[in-house]
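Asks: The residues making up each chain are set out below.
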Amino acid sequence: MSEHTTNHHSAEEHPKGKKREMSRRQFLNYTLGGTGGFLIGIPLVWNLRFAIDPLLQPSASSNYVKTVEESTITSTPTSVKFTISQVDGWYYSEPKMEAWVARGADGQIYALSPTCKHLGCTVNWAPEGHSNEFFCPCHGARYTVDGKELAVASAPLDEYDVQVKDGYVYIGPLKANSRV
Amino acid sequence: MMNKLYNWIDERLDITPLWRDVADHEVPEHVNPAHHFSAFVYCFGGLTFFLVMIQVLSGVFLTMYYVPDIINAYTSVDYLQYKVQFGDIVRGMHHWGASLVIVMMFLHTLRVFFTGAYKAPREMNWVVGVLIFAVILGLGFTGYLLPWDNKALFATKVGIEIASSVPFIGDLIKEFLQGGDIVGAQTLTRFFALHVFILPAALLGLLAVHFIMIRRQGISGPL
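One line per chain: the protein sequences are A and B, in this order. For the first sequence, the working numbering begins at 1054 and goes up steadily by one. For the second sequence, the working numbering begins at 20 and goes up steadily by one.
In case anyone wonders, no lab produced these hints; they're calculated from the structure. Among these hints, one or two may not hold up.
Derived contacts from chain B toward chain A, CB cut-off under 10 Å, selection only [what the hints assert, rightly or not]:
(1) Val75
(2) Val79
(3) Val177
(4) Phe195
(5) Asp200
(6) Arg209
Keep in mind that this is a model prediction, so the values were computed, not measured. Think of the CB as a built atom: it goes at the ideal place given N, C-alpha and C, for glycine as much as any other residue.
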């Protein structure tokens, strides 16, 4: 190839300022590189889209689940277990969930998620040595009765949407804490 | 017999330079424990590689029984450990080896740091080593979920929470790792793919670069 260049495309034949022609080497680099990139890149498009599919799926909506009678709820949070229908890809299940349900000072019933906002362990209301607060056994995060973070965690406990109908408490989707 | 076979192949393919290039090289005195016993610290890198190879080997055989499915994963691990001959040994190798790889890799990192071997012209090899460190931690994290017991589930929940605390893209990382809204069926298959195909492929590629560079540049001089 170098011979070719020196014989036919020497500097005298193509003085500066004239249109630069693509060398044979450049042409081959571009075409082979382009073809290679195409052969690898195009199949990758489908595979990458396949891998990130969960990010682009709409998140599941949850219904309200009938739980305990409204009259049993006091200002002390009580653990309420309830069952939801859950779809995890191809797997349909009815896992048991837990909420700490209490009646606030304003008389409104609210339900807090037991999932610690530090790293996702499960909090308990007033275990031994921790009166009047939610406590997480993993790293000692603490929250007030309204779920406001006192230590370790950087955010308040999430809250379940709650409806009261016909004397029963219905627990709905999770939302950010609206009480603190 | 073996000699004749070797010569027969060598005549045709000239394989001697191939293995000589890999195996036949000088080991300087200051890294040879036979000369100075304290030079055993230079063995940590090689030991890490040896342990990685054990992980690959035992991992390959574990997949003969393991099923990455939330209904069968736990029982398949239980079966391969307690019902299959030497199951406790093969799974034990993979289980304890996983921790040892990380310990050994950490010792290797300390050795490189305190002997100053990361300095010019070996900066790129330090960078590749840090990438290997990350990939190995990733292998440990993804492998931890696969037995699908309570410890695995909650450790993974916590791990994913840590990953989701990354600024701005934390939630995307979380959803990408989880493959859904919860740590569930899709998380397990995803972690299996990462643990068995994607991360090992990345690891082997990085190790090749690591070794080519150390061979090109040689071992750093004595202190």
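Asks: Evaluate each hint against the coordinates.
Replies: So, going through the hints one by one against the coordinates:
no., hint, verdict
1, Val75, "violated (23 Å)"
2, Val79, "violated (23 Å)"
3, Val177, "holds (4 Å)"
4, Phe195, "holds (6 Å)"
5, Asp200, "holds (6 Å)"
6, Arg209, "holds (8 Å)"
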